[in-house]
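Colleague: With the sequences and hints as input, model every part of the structure.
Residues in the sequence shown are numbered from 249 upward in steps of one, following this note's numbering.
Bear in mind the hints are in silico, worked out from the structure with no lab data behind them. Glycine residues also receive a C-beta, built at the ideal position from the N, C-alpha and C atoms. Treat the hints with care, since some could be wrong.
As the list claims (entries may be wrong) - Derived DSBU-like pairs (lysine-lysine); straight-line CA-CA distance at most 35 Å:
(1) K339 <-> K384
(2) K656 <-> K325
(3) K681 <-> K325
As the list claims (entries may be wrong) - Label pairs and their in silico Cβ distance ranges:
(4) I548 <-> G459: 42 to 48 Å
(5) R533 <-> H648: 48 to 54 Å
(6) I326 <-> Q356: 40 to 46 Å
(7) K442 <-> S684: 41 to 47 Å
(8) P504 <-> R537: 23 to 29 Å
(9) K442 <-> R621: 47 to 53 Å
(10) A685 <-> T547: 45 to 51 Å
(11) V364 <-> S684: 55 to 61 Å
(12) E534 <-> E601: 49 to 55 Å
(13) E610 <-> D673: 24 to 30 Å
(14) N587 <-> D674: 15 to 21 Å
(15) E591 <-> V364: 36 to 42 Å
(16) A685 <-> R537: 52 to 58 Å
(17) S590 <-> E635: 23 to 29 Å
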Amino acid sequence: MALITSVLSIRNLFVLSLALNVSLILRTMYEREQSHHWLTLETQKGQAVQKTRLALSPTSSSSAATTQVDTQDGGEKILNLARGDPTMFEKYWQQMGDKATVVIPGWQHISYFSDVTNICWFLEPKFAKEVVRVHKAVGNAVTEGRHIVVGTGSSQLYLAALFALSAQDLPEPVSVVSEAPYYSSYPSMTDCLKSGLYKWMGDARSFNKEGAYIELVTSPNNPDGHIRRSVVNRIEGILVHDLAYYWPQYTPISSPADHDLMLFTVSKSTGHAGMRIGWALVKDREIARRMTEFIELNTIGVSKDSQLRAAKILEVISDSSERAGSSAEGESFFEFSYNLMSERWKLLREAVEHSRSFSLPEFRPGFCTFLNRVSESQPAFAWMKCERDIEDCEGFLQGHKIFTRGGKHFGVGTEYVRISMLDRDDNFHLLVKRLSAIHI
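Modeller: Right, here's the structure in full:
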């Protein structure tokens, strides 16, 4: 009996020692990880918890914080809404089930080439077909007489456009401008390679340099959601229209956009940011050829698998739009997204009004040809201003565990911040709750 007791004691001590060592290791790992950005994904309601942590490189004071999901202490949960990750759309695609599923056998699409007769030789014909179809269904862009250039997101297409529009024989780089507040990534993307072809020159309203220039017109605008037009308006200028948000869930579709070079992306139109697919509608054949040349030099084309998946997603969207209201199809993707955005903006405005510490832009309603009714703008981002002498809005909200992107990144003052409206429901509702509770 004494022998058994002795063995059990040794075993218990061993188990206790092992537990203490594991605890010490986990604590050390936790403390070391606090200086990094983490994205934590958790399953819910009793399912096994799986955490995927992705390190993010800091680009601002807001992105230096830790994103955590802490179900044990909701008051301590950090909301990182500095980026526009469109996870809000997950609910719709979950409801679609297998309608948007694509199966690609291992032997298919091995070649670099898709259609050698096309200027954009890596453009999948199926994807091109669905791009034309979705624009026709929505009525937001002219596709007739345009060349389609596919890219790894609209970011690659933006750089391809700068390359294509910059003359090779100019004595100095072409100036690149956009009206402030402008998309925060324009300056860094433009100057990251320190190209001799083009150079970021800031706010279009203060641009007074002579010579060639490229003006970026983002409409609806990121970050403030307003409809934009060019402001420099000189004969030496070339325009690039970034229309990533010209879709019915964000703004009334007044007429088909008809510009020389227009950029779109599935990231904000359908919510599939991870697919990394965008497209440009280009009127000039030589510009389309030069953009294709850039992508060929940069990545030797664009993933066929992503294009085929994007084609299927766009097909489902067009189907739902063309059959909207029927008992078989139900609510279209854009109606679902519009209603969700409408509810979110209503809740956000109520929270801001209750707090009286912030203000939001006002938008004039307009007739939407897609929805066939008057609708309001409800941008993907809230462009919020801190009132009551709060000079550093980003820092102030960080103190309330709300991480945003401050106005200085968009070419304006620090009293402004951009907040993503596209996060999952639990994070958005926690944002509204916290803003409503702030009183100064």
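Colleague: Give a verdict on every hint.
Modeller: Tested hints:
{"no.": "1", "hint": "K339 <-> K384", "verdict": "25 Å, holds"}
{"no.": "2", "hint": "K656 <-> K325", "verdict": "26 Å, holds"}
{"no.": "3", "hint": "K681 <-> K325", "verdict": "13 Å, holds"}
{"no.": "4", "hint": "I548 <-> G459: 42 to 48 Å", "verdict": "34 Å, violated"}
{"no.": "5", "hint": "R533 <-> H648: 48 to 54 Å", "verdict": "53 Å, holds"}
{"no.": "6", "hint": "I326 <-> Q356: 40 to 46 Å", "verdict": "43 Å, holds"}
{"no.": "7", "hint": "K442 <-> S684: 41 to 47 Å", "verdict": "46 Å, holds"}
{"no.": "8", "hint": "P504 <-> R537: 23 to 29 Å", "verdict": "25 Å, holds"}
{"no.": "9", "hint": "K442 <-> R621: 47 to 53 Å", "verdict": "49 Å, holds"}
{"no.": "10", "hint": "A685 <-> T547: 45 to 51 Å", "verdict": "47 Å, holds"}
{"no.": "11", "hint": "V364 <-> S684: 55 to 61 Å", "verdict": "58 Å, holds"}
{"no.": "12", "hint": "E534 <-> E601: 49 to 55 Å", "verdict": "52 Å, holds"}
{"no.": "13", "hint": "E610 <-> D673: 24 to 30 Å", "verdict": "26 Å, holds"}
{"no.": "14", "hint": "N587 <-> D674: 15 to 21 Å", "verdict": "19 Å, holds"}
{"no.": "15", "hint": "E591 <-> V364: 36 to 42 Å", "verdict": "48 Å, violated"}
{"no.": "16", "hint": "A685 <-> R537: 52 to 58 Å", "verdict": "56 Å, holds"}
{"no.": "17", "hint": "S590 <-> E635: 23 to 29 Å", "verdict": "25 Å, holds"}
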